[in-house]
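Participant: Sequence:
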Amino acid sequence: MSAEQILEGPLVVADIGATNARFALAGPKGVTSQRVYSSQQVEGGLELVARYLADVDVARPAALCIALAGPVQGRRASLTHTEIGFSETELQARFEAPARVINDFAAVASAVPVLEESGLADISREADPVSLDPRGPGVKAIIGPGTGLGMALLLPDPEGWLVMPSQGGHCDLAATDALEAEVLAILRLERAQVPWEACLSGPGLVGLYQAVCGVWGCQPDFSTPEDISAGAVSGDPVCHQTLEMFWGMLGCAAGNLAVMGCARGGVLIGGGIVPKLLDQLDPGHFRRRFEQRGALQGFARDVPTAVIIDPDAGLKGAARAFLGAVRFIA
209 MSAEQILEGP LVVADIGATN ARFALAGPKG VTSQRVYSSQ QVEGGLELVA
259 RYLADVDVAR PAALCIALAG PVQGRRASLT HTEIGFSETE LQARFEAPAR
309 VINDFAAVAS AVPVLEESGL ADISREADPV SLDPRGPGVK AIIGPGTGLG
359 MALLLPDPEG WLVMPSQGGH CDLAATDALE AEVLAILRLE RAQVPWEACL
409 SGPGLVGLYQ AVCGVWGCQP DFSTPEDISA GAVSGDPVCH QTLEMFWGML
459 GCAAGNLAVM GCARGGVLIG GGIVPKLLDQ LDPGHFRRRF EQRGALQGFA
509 RDVPTAVIID PDAGLKGAAR AFLGAVRFIA
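Residue numbers for the sequence shown follow this note's numbering, beginning at 209 and rising by one.
Hints are computed from structural coordinates only; laboratory data are not their basis.
Glycine included, C-beta positions come from ideal geometry on N, C-alpha and C.
No false leads were mixed into what you were given.
Label-pair restraints from in silico Cβ distances:
1) 452 - 344: 29 to 35 Å
2) 445 - 486: 19 to 25 Å
3) 517 - 385: 28 to 34 Å
Lysine to aspartate or glutamate pairs mimicking EDC-like chemistry, simulated, CA-CA at most 16 Å apart:
4) 237 - 520
5) 484 - 520
6) 484 - 435
7) 484 - 518
Kindly produce the complete structure, drawing on both the sequences and the hints.
Facilitator: Structure representation (structure tokens):
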């Protein structure tokens with residue numbers, strides 16, 4: 209008997225970032241009854257869950273698993289940069305069902321072993337490419353720009369897989385060339401610490417563009433990631449430079465995570481930003497920055513990289529996490 213069959217009713221799963229909150233019901237046929245809400249237009253986490261249950265006409269769920277873009281402490285998590293929080297105890301009391309709260313990129317990591325080939329876009333090195341096998345052996349690292357920069361590790365275990373959540377997106381960003389140094393100098397005028405997510409996120413891409421404008425002495429004409437992307441396509445030189453820097457920094461951050469986690473099994477890029485910009489990604493530029501690991505360049509060269517393009521990865525991972533298909537470290 210499967211874990212889904214043991215549950216007498218729907219398993220509610222959610223993937224909640226600072227911009228969007230995605231809900232679904234999980235079962236043997238996958239995730240269904242999906243709804244997307246604005247994370248900015250709710251009074252609190254419990255009200256958001258109650259709204260979804262009312263919308264899909266579920267009086268009482270069998271269980272809930274909430275994946276949230278923020279650190280989990282004990283049995284509680286808060287959405288970074290917002291007042292929205294979730295407590296397993298409060299969820300269980302309000303909805304009279306078992307509940308679990310996990311990090312959003314831990315949920316994405318949990319989904320990796322069941323991703324289909326169609327759910328991945330390969331970013332191979334130019335010579336002698338190595339494809340990423342989501343079910344293959346070896347540690348895998350997951351990184352992804354969204355409203356912030358998520359990270360997690362997926363480790364092989366005799367009983368399956370272990371997930372290690374991370375808040376590495378808040379680590380210090382370091383410049384690797386003169387232009388990046390000038391950009392970081394501008395960003396430091398507004399904050400004491402410039403983390404990776406200050407550039408590698410949706411808001412970060414806009415901040416990166418504004419900083420490049422500052423270095424080049426021009427006024428910003430664009431204010432959203434979509435507009436910057438469109439500007440690059442139409443030939444705007446500042447937008448083009450901004451995206452080139454963004455891809456280079458992402459390659460660097462992914463390469464750092466690969467060597468920190470000894471991720472021989474590959475690095476997967478998730479989040480809501482990269483799949484939307486995938487047509488503008490230069491795999492060669494990304495891989496060159498990814499592989500620039502000094503003495504470990506040979507190691508990095510053999511690590512495959514891919515983009516997760518399955519939009520339901522977080523929801524699927526939340527279901528797998530609740531049902532015990534993966535285990536968590538910390």
